[in-house]
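> Protein chains in written order, with this note's numbering: chain A, 975 to 1159; chain B, 975 to 1159; chain C, 975 to 1159.
These are computed hints drawn from the structure, not numbers from a lab.
Each hint should be verified, as a subset may be incorrect.
In this list, chains with the same sequence are indistinguishable; a pair is considered to hold if it fits within one copy or across any two.
As the list claims (entries may be wrong) - With a Cα cut of at most 20 Å, we get these calculated EDC-like pairs of lysine to aspartate or glutamate:
no., residue 1, residue 2
1, LYS1159, ASP1054
2, LYS1159, ASP981
3, LYS984, ASP1054
4, LYS984, ASP1107
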Amino acid sequence: MSEKIIDLSKFDSRGYNKGAGTIKILLWYFVNTLFVRPAWNPIMCSKFFLLRIFGAKLGKNICLKPGVIIKSPWYLVVGDNSWIGENVWIDNLDRVTIGSNVCISQGAMLLTGNHDYTDRFMPYRNAPIILEDGVWIGAQAVVTSGVTAFSCSILTVGSIATKDMQANEIYQGNPAIKIRERILK
Amino acid sequence: MSEKIIDLSKFDSRGYNKGAGTIKILLWYFVNTLFVRPAWNPIMCSKFFLLRIFGAKLGKNICLKPGVIIKSPWYLVVGDNSWIGENVWIDNLDRVTIGSNVCISQGAMLLTGNHDYTDRFMPYRNAPIILEDGVWIGAQAVVTSGVTAFSCSILTVGSIATKDMQANEIYQGNPAIKIRERILK
Amino acid sequence: MSEKIIDLSKFDSRGYNKGAGTIKILLWYFVNTLFVRPAWNPIMCSKFFLLRIFGAKLGKNICLKPGVIIKSPWYLVVGDNSWIGENVWIDNLDRVTIGSNVCISQGAMLLTGNHDYTDRFMPYRNAPIILEDGVWIGAQAVVTSGVTAFSCSILTVGSIATKDMQANEIYQGNPAIKIRERILK
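If we strip away everything but chain A, and leave its shape as in the complex, we get:
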């Protein structure tokens, strides 16, 4: 019985490919904390410059609001004309691919991290997130690890996407379920 108990002292972080060396990660940590994330620097082009140095692939005409947390720029791809709202949290322990004309509203989170809760040592089960063109992630919503939001799908305010979101469909709730179609005028 006793060996059935969770033991985080034996957690093995090697299941997590950090995608960068220790020095790069440390440098990014402080560059991010001091210059990219804080609200005192709202100048977007300065943030794009730093994100690209650390490996982010960013398209044209992106809107990046203050307070955004980006864990690993080297795991981030964003297309053209996309919006990343205030205090959005891109917790990319794995790849996050954001298409063009995507809107991620304020306070939303892209959560690539996960653990195998059936294993006593809770090993990582991180997985990438893909937001295709035209997707809208509502304010304070969370997209969990491994989810693909297909073209023009919508996750409503505060909803939690735990499965793929089909193209042109609107999802709501926790866990988010399909509530109706998105019909463009």
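Since the structure of chain A is provided, determine the placement of chains B and C on it from the hints.
Positioned in the frame of chain A, the structure of chains B and C alone reads:
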């Protein structure tokens, strides 16, 4: 088909009446970032002073905790004896009217912004929020654009109000639904 | 009728035992704001040192990420090998007891505060929170006042626990309900 695709490069922000000129907005941005929002300044009267200079109409005996984000003080009215908890986010792209004896608990959000998702260019569909006297918005809850919370209604922790909340009723869930009456002793 | 209206001007905070004197609370407020909570200081041992000075009882081998808010260290007990993720919010107006091998994921909140909403003056109804060994509180989830999460229970991402969580069970939604058993391999 191709013209049916979302195109944020043609987004027209003119649907949004910012309620203030560019210089005032910029000034407020930095005054807020440096002196009003940060936790290092918990002195309420200093924050009331600055908020009033920028147009907020504030009653007596308000409790304003640290870390509160107020987008547009010129769009904010608060009555007497109301509490605005730690890290509350008043994202008022439109008018937010808070009555007297209202409690907005820590981490809650008043989200006036919205977009028309049936339109390829996602134009603004912002709308005011009204919280009448005696309302309680629970911690981490979100009130969405256009909602009126009538007198003494309650939104429970982490719930998402997408429709008006009737007087003396308690709402829960995402979307929040009426779960019971609030009966005062 | 008129005496049936909420009146926060008569709120009596004496129902809240702060657990420390005014000077200690004030000192902690600034020590926390300047050195413990901010992301610029990711050095865990420096944070453990300060938390222990202010009365926190911390076990061995704890992982404490940046941005964590701890209201009252004198009301905090954490066992061995537990993880407290980025931006976790331990709002302990009352005792919070975290066992060993507990994972509190990023952005989660332990909310000990509450009010009696049937009383016109909204007196405190704070209550302790207990997370037993092996519990996992998912990212952006909230545990409300008075809840005990028994051994190895799980609260999923963004869910709101309003009642006790039974051992080895998984809870989801708002309010969170039991969705399945946690079976360890």
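> Of the numbered hints stated previously, which ones are contradicted by the structure, given in increasing order?
Those not satisfied come down to hint 1.
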